[in-house]
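Heads up: the sequence lines are chains A and B, in that order. Sequential numbering of the first sequence, starting at 1, is according to full-length UniProt numbering. Sequential numbering of the second sequence, starting at 1, is according to full-length UniProt numbering.
Honestly, the hints are just simulated from the structure, not real lab data. Using N, Cα and C, we set each Cβ at its ideal position, and we do this for glycine too. Please note that a few of the clues may not be correct.
Which stretches of chain B does chain A cover? Using the computed rule of at least three CB atoms under 8 angstroms from a CB of chain A, they are [unchecked claim]:
1) 68-77
2) 109-122
Which chain B residues face chain A? A few, computed with CB under 8 angstroms, are given here [what the hints assert, rightly or not]:
3) E46
4) P62
5) H96
6) L98
7) F100
8) S125
9) R126
10) H128
Have a look at the derived ranges for each label pair, beta carbon to beta carbon [said to hold, decoys possible]:
11) R53/A with E93/B: 26 to 32 angstroms
12) R56/A with D9/B: 39 to 45 angstroms
13) N127/B with D36/A: 24 to 30 angstroms
There are 2 protein chains.
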Amino acid sequence: MTDTTRTTDLRETVERFWATAEARDWDAFADTLADDVVYTLPQTRERISGKERFVRFNREYPSDWHLRMERVVAEPGQVVTWLRFSVGFEGAEEMHALSFFTGDEKGNIATMTDFWPEPYEPPASRNHLRELTERY
Amino acid sequence: MTDTTRTTDLRETVERFWATAEARDWDAFADTLADDVVYTLPQTRERISGKERFVRFNREYPSDWHLRMERVVAEPGQVVTWLRFSVGFEGAEEMHALSFFTGDEKGNIATMTDFWPEPYEPPASRNHLRELTERY
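Okay, chain A solo, but in the shape it has when bound (with noise of 0.2 angstroms):
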């Protein structure tokens, strides 16, 4: 790795780790990361530490995932993704997932966080509200 790929700003990094990802190139997305990265999962209170464990939970992860970005907002040393992700045929239910990425000093992404919620139902204690909202 040069230099200037150390150099280059987190969003761009991020947007790397994501195409990578999705295009299964392990090597490069394995440039994306610090050695000592942490991923934090809060729904199910997991952590990861490292850069060879997190690779290997990615590409052993099981199911044929497919993933679209829907928002990146980035500011030094920060970014935040919104993808969709779907597994399996075309057309299957997306699922949402959000993740917030900090970077180390040479731009590689020091820990991710990230956030899967699931579809729900309106509840019923905020039903005297339901005139407010439209179904979509």
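With chain A's structure known, arrange chain B on it following the hints.
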């Protein structure tokens, strides 16, 4: 509202949005919003259009909720917040809330889309990766 507050950047507006929500200061809360603000809840496929309805939705939302900011990421015209919400008594379980904002040309909130991910157990389909993760 003065011209000065109209040109404040969106990060500050979003921070004011959450501070006034927590304070139940609904007039100041309304001042952060575009008249035609659109609020979207992808998990329930609900949408609320217009400042008046959206203020009422928040003002009349059930339970004694409280929020604290975990992270803000902002760029011109776009902001993301990651909050922790708690309901009722101190020490109650917290929920994560992830909110994506866009602003209009006056610096008011034009759209807000948010996600409320729930806790779940690691799926059995990735049991073979369990050795990579620690629970916390």
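Against the structure, the hints:
no., hint, result
1, 68-77, "holds (count 4)"
2, 109-122, "holds (count 8)"
3, E46, "holds (4 angstroms)"
4, P62, "holds (5 angstroms)"
5, H96, "holds (6 angstroms)"
6, L98, "holds (5 angstroms)"
7, F100, "holds (6 angstroms)"
8, S125, "holds (5 angstroms)"
9, R126, "holds (6 angstroms)"
10, H128, "holds (7 angstroms)"
11, R53/A with E93/B: 26 to 32 angstroms, "holds (29 angstroms)"
12, R56/A with D9/B: 39 to 45 angstroms, "holds (41 angstroms)"
13, N127/B with D36/A: 24 to 30 angstroms, "holds (26 angstroms)"
When held up to the earlier numbered hints, the structure conflicts with none and fits them all.
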